[in-house]
Amino acid sequence: MQKYMRELKPDKLEDLIALNALYRPGPIAYIPKFIARKQGKETITYDLPEMEEYLAETYGITVYQEQVMLLSQKLAGFTRGDADVLRKAMGKKQKDVLHKMKSKYLEGASQKGHPTERLEKIWTDWEAFAEYAFNKSHSTCYAVVAYQTAYLKAHYQSEFMSAVLNHQGSIDKITFFMAECKKMNITVLGPDINESLKGFSPNKKGEIRFGLGGLKGVGEAAISNIIEERLKHGNYKDIFDFITRINQRTVNKKTLESLAYSGAFDCFTALHRAQYFHVAENNTSGIEKIINYAQAKLNESASISNTLFGDLSQVMSLATPKIPDCEPWTLIDKLNYEREVVGIFLSGHPLEHFRFELNNYNILPLIEFEEIKNDIEQVNARVDKNIWIAGLITNVAHRLTKTGKNYGIFTLEDFSGKTELDVWGEDYIKMKNYLEVGKIICVIGSFKQRWQDAPIKFGVNQILLLETLKKTHTKHFCISMHSSSLTQDMLVFLETNVKQNPGATKLSFNFYIDVANDNVSTTMSYNLNNFSLNDDLIDFLMNHNEISITIK
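Each residue of the sequence shown is one higher than the last, beginning at 1 in the working numbering.
These aren't lab readings, by the way, just hints derived from the structure by calculation. Predicted, not measured: the structure shown is a model, and the values here were computed from it. Where hints are given, some of them may not hold.
[What the hints assert, rightly or not] Only pairs whose alpha carbons sit at most 30 Å apart, straight line, appear in this in silico DSSO-like list of lysine-lysine: (1) 3 <-> 204; (2) 3 <-> 552; (3) 432 <-> 457; (4) 121 <-> 104; (5) 322 <-> 232; (6) 204 <-> 173; (7) 432 <-> 499; (8) 112 <-> 93; (9) 136 <-> 3; (10) 93 <-> 121; (11) 471 <-> 506.
Let the hints inform the model, and build the full structure from the sequences given.
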């Protein structure tokens, strides 16, 4: 649909209504003709001049049931009742009724002086139209909603995408639309105790902030208390200000742990996440020290209020405890804890370092793989071509069949989605060492039968670590760019990098050079046969959009 919209270049609501009606099995074949006529690349014709009144808005193509109803009245003198009978017959594919209506149509139209040959053609077209007849009023509703939401998406991006994210019922859909936000250059930030609302919400910078309602272990009462107190008395200054201002009956230890794991306390820069859980003296964690401090403050307040001088302001305040320092969590640990309480990675992704491999080795995004997998398994069609997918293993189960044979089931996740795969028999024995949660792998497989007469399923043929792909599956690496983009710094870097990284990969440079006084260009190429692809070169290339690469 997006492809057709770009080609159509709609400039009025009627174009959206028509394309909505045409984008279905059957009428979809008319879309190229519709676009060509809209763009003036094909002449708009009518079987009879009288038809222009009702077909002009769809460039001479019958698209709606209403057009047939109006044309039958104009050409053949049908009453409104007759036209409605024709509409129902078309919609319900009532061939007997259509046959009777044809005789009435030919008779009435002939009496108006229309040539029989043309009338026969028009009726034949209408019979074909009956296979996909769609009413304009129905299509209009969809088109208006599409136009309104497209306007919001274009002009109020973060507000629109916040609303979309808030209406998703599963983590998979949230993951998909967070990836959509990234394509739109909208930053989705993790939860923040001083900015988050219950759901996803836009901030003043146009970013989207993750809501507290998406955290496991943080209840409705706690969320309401945290937000109401913040809106009433301002942002929380630090963790001790926070713990003394909220209602500790609603915000308990479990709530504090979930908030800390998710990064909601990262705005309190005096502490990092690991400190909340680090156990030092007295076998007390940072969170427990914070809770004890809050309880002591409550006791102090109660004690002061019960004394004769409880109204005096000169009472000594309780000192905040020191939270012992410790080593910060590694990125992987931080992401895994986030995932435990949120269900997804927020502040980063373990695959971030592997975007080059995912984008340049014909690796299929898992959201596309799942669609292909469902289609192929539904029609039970064998596909011998190898398919490459990759991602992070997030779940593994090693099991035994009833006959005592080993097999494994694992979940693979990438930026776009996830899939569940299994490995059996000798393949399992060869590949089981790869099946560990946290490993980042590349899977090569195909759709096939495991045994005779078995249904077609995706079978894993090979597993390898994604980090090894550059060395094991790069036979030829080609760098291409226009000569005008080449700088001295680039030359120095490339020359140094090639010398420092010998290997077995063929390396090619293609420089496009414009020929003087002519509207053509030529290519100068240089080849080396002893190169090893490396991270330094990849980082350099990914920061230079003017350079294109090809891997074979």
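What hint numbers does the structure not satisfy? 1 and 7
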